[in-house]
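Visitor: Chain by chain, the residues run as shown.
Number of protein chains: 4
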Amino acid sequence: MRRKRRERVAEPDTSAVAGPGREVHLHLDGEVRKNAALRLKSARGHLDGIVRMLEDPGVYCVDVLKQVKAVQGALARVSENVLRSHIREHVLTANERGDVDTMVEELMEALKYRPGGS
Amino acid sequence: MRRKRRERVAEPDTSAVAGPGREVHLHLDGEVRKNAALRLKSARGHLDGIVRMLEDPGVYCVDVLKQVKAVQGALARVSENVLRSHIREHVLTANERGDVDTMVEELMEALKYRPGGS
Amino acid sequence: MRRKRRERVAEPDTSAVAGPGREVHLHLDGEVRKNAALRLKSARGHLDGIVRMLEDPGVYCVDVLKQVKAVQGALARVSENVLRSHIREHVLTANERGDVDTMVEELMEALKYRPGGS
Amino acid sequence: MRRKRRERVAEPDTSAVAGPGREVHLHLDGEVRKNAALRLKSARGHLDGIVRMLEDPGVYCVDVLKQVKAVQGALARVSENVLRSHIREHVLTANERGDVDTMVEELMEALKYRPGGS
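Going down the list, the sequences are from chains A, B, C and D.
Using our numbering, the letters of the first sequence map in sequence onto residues 1 to 118.
Using our numbering, the letters of the second sequence map in sequence onto residues 1 to 118.
Using our numbering, the letters of the third sequence map in sequence onto residues 1 to 118.
Using our numbering, the letters of the fourth sequence map in sequence onto residues 1 to 118.
Each hint should be verified, as a subset may be incorrect.
It does not matter which identical chain is meant; a pair holds if it fits inside one copy or across any two.
What the hints assert, rightly or not - With a straight-line Cα cutoff of 30 Å, these simulated DSS-like cross-link-like pairs (lysine-lysine) come out: (1) Lys66 <-> Lys34; (2) Lys112 <-> Lys41; (3) Lys41 <-> Lys66.
Derived by calculation from the structure, the hints in this document are not laboratory data.
Every value quoted in this text rests on a predicted model; they were computed, and no experiment measured them.
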């Protein structure tokens, strides 16, 4: 699951963001990244709790459903933060950078999987 | 998060599921429960992977979004299985047991939080 | 799109809901049905408004998105009411009626398409 | 529901998209707009069909749910097309135009209401 650093070669005629021939590194903002890691660790702890809850043969279905939803809500908030940062840092500047098609398709694809309203 | 065993006192005039005055224990089916625990442990491992991924300052936003969505999909499948078991074991028999209002409201509430289509 | 009345033949050994050999008619509760029709007519009027809005070459994308979401919210409320009525009137009594498998699969299928949180 | 044409005054130092002091008109692409109108008219016809379906006292709940979901799917496809056009035409160029905060917040707000996966 670990991905290597993503590198994009800038289009020759962009300049503000990347000089001609310079590689553009699109990476997640540091603060958002650390905050996401903290929230995911907390979600992991919550999942641990559900696994223990499931060791009880008398556990009630609806209580499991509620706990799983709580974790899904926490993950949705992580996604929302990462998405907002991505839009601000990378999508709004795509025209200058020149990777318009990639950014549109990636964003639409990411939104496709997105659960609603949470 | 750990919940105590849920106990319901049957209405006096129900009989097939619980005799008068007998407590009815609604609990998650054993097979579904064990399968849910396995899947949640796997989701927890996946979350661990995303946390490690986030230690890399060069991680790309969209890769994080994709991984979080994968975990959300896994959680949605756990919920689907638990929900199906709950409907089969407890909802379809509510009229005989006599806890109709509770079952309707609980189910609608559980569905409310449900992300779509995943 | 118009569907014919749905008829189900009860299992021979059910009695409370349908006598042996009697056909069981599962149909949407009258009040819920009329309320759903009213709400859908209102949603249709709302769609008319969006179609007119789209005749303006200067219409802004986000305004269209907001209006479409409003209609989706209205449709989600119709679905919620119909679903709640279906669960109360038909799902909770499935065990007595004997069409357990059909009711579970139909319900899970209906929930599958369900958008979240709206 | 009809909105007036949206006008934004460009920031003084942007140039590629709008000259200093020139108004920027952000509006939905003509082809996407016409296609959206067609699809919404079709969805309106579909809603008409469900309203007629609901005149039948024997209509079955799950058939109503399925038809409503079909309309929701059609609306989701309209939203997807409008959203994709909005991202391509307006979001990717926000940095040059200078309305970064507005575009991020509007987009996040539009996505918030978005039902998942349909």
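Visitor: Taking the hints in turn, state whether each one holds.
Guide: Now for the hints, and whether the structure bears them out:
Taking the closest pair of Cα atoms, Lys66 and Lys34 come within 30 Å of each other both inside a single copy (27 Å) and across two copies (18 Å). In this assembly of identical chains, the alpha carbons of Lys112 and Lys41 lie at most 30 Å apart whether taken from the same copy (25 Å) or from different copies (24 Å). Taking CA atoms no more than 30 Å apart as the test, Lys41 paired with Lys66 passes in both settings, with 19 Å inside one copy and 17 Å between copies.
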